[in-house]
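Working from the sequences, and respecting the hints, build out all of it.
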Amino acid sequence: MILIAIFVFTVEITSTVVGQLLLKHAMEDSNTFGFSDRRVLIRFVAGVFGLTISFFLTIGLLQHFDLSFFYPIQGSTVVIITIAAVLFLREHLSMQLLVGSLLISAGTALVSLS
Amino acid sequence: MRHRLVQWLGNPWLQLALEALFVTASETCLKIGAAETTRVKGWEWTGLMALSSLWIWWGILFVILSFLCWIYVLKHIPLSIAFPLSNVVHVLVPLSCWFYLGEYISPRRWCGIGIVIIGLIVLAKPVAKIEEKL
Numbered sequence: 001m002i003l004i005a006i007f008v009f010t011v012e013i014t015s016t017v018v019g020q021l022l023l024k025h026a027m028e029d030s031n032t033f034g035f036s037d038r039r040v041l042i043r044f045v046a047g048v049f050g051l052t053i054s055f056f057l058t059i060g061l062l063q064h065f066d067l068s069f070f071y072p073i074q075g076s077t078v079v080i081i082t083i084a085a086v087l088f089l090r091e092h093l094s095m096q097l098l099v100g101s102l103l104i105s106a107g108t109a110l111v112s113l114s
Numbered sequence: 001m002r003h004r005l006v007q008w009l010g011n012p013w014l015q016l017a018l019e020a021l022f023v024t025a026s027e028t029c030l031k032i033g034a035a036e037t038t039r040v041k042g043w044e045w046t047g048l049m050a051l052s053s054l055w056i057w058w059g060i061l062f063v064i065l066s067f068l069c070w071i072y073v074l075k076h077i078p079l080s081i082a083f084p085l086s087n088v089v090h091v092l093v094p095l096s097c098w099f100y101l102g103e104y105i106s107p108r109r110w111c112g113i114g115i116v117i118i119g120l121i122v123l124a125k126p127v128a129k130i131e132e133k134l
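Going down the list, the sequences are from chains A and B. In terms of the numbering used here, the first sequence opens at residue 1 and continues consecutively. In terms of the numbering used here, the second sequence opens at residue 1 and continues consecutively.
In short, the hints are calculated from the structure, not lab data. Don't take each hint at face value.
[Unchecked claim] Residues from chain B that face chain A, not an exhaustive set, calculated with beta carbons under 7 Å:
1) L5
2) L68
3) L79
4) S80
5) F83
6) V89
7) H90
8) C111
9) I115
10) I118
11) G119
12) L123
13) K125
All C-beta atoms in this analysis are idealised placements derived from N, C-alpha and C, irrespective of residue type, glycine included.
Here's what the structure looks like:
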C-alpha cells in the first residue's frame, strides 16, 4: 500500500512539474511562433493535461492520507520547479533565488501542517 | 486613457498579483459554497451538488481567471521566479479565511505565513533584475 502511495505521489509531483514546464515552454514559444503553431499548441495542451492529472491525483491522495503527511512534501514542489526550470528551460539560478524558494517551501509546509 | 489601461493591465507583475488574488477569491468562494451545500442530498460523493450554490460558480469563474492570468505571466516571467512568487496564496488564503470566514489561525500557521513573507522579500532582488530586463 505504501509503495503504491509513493508511486502515486511521485507521479503527482512529476505531472505538476512537467505540466508547468510545458506550459512555460509553450507560452515562451508563442511569443515567436504564435498560438497557431502546432508545437506550441501540443505543448500547451500537454501542460494543461499534466496539471489536470496532478489535480485529480492530489484529490485521490488526500482521500487516503492526512494533510500533515501530504502537504509538507507537496510544499517541496516550489524548489523542485525552480530547479527544473533551471535545468530544462535554462533559466538563471542565483543563491538568492534558491534561498527564497527554500524559505517559501518551508513556510508553505508549516502553513499547511497547522 | 484606454491605451494606458491596456498597458497597465498588460504588466506581467500585475497579472501575477491578480492571479494570486483570483486564486484566493476562488478558494474562499469554493469553501463558502461547499459549506452551504453540505446538506443538499444527492450524489454527494461526486461533489456535483455543490453546483447548486452561486458561490461555487463564482469560485469556478475565479479559477478560470486565475489560469488565464497565469498563462500570461508565463509568457513574460521566468518560471523559477513566477512559481515561488505565486505561492503568496499560502499567505493570502489563510488571511482571507480569517477575515471573511472567521477561521482561527494557529501560532504555527502565523509562523509559516511569516516565513513565506521572508522568502518573498528574499526573492525581491532577483525580481528587480528581471523587471529591469523586461
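Item to complete: Tell me, in ascending order, the numbers of any earlier hints that this structure violates.
Response: As far as the earlier hints go, 1, 2 and 6 are violated by this structure, in ascending order.
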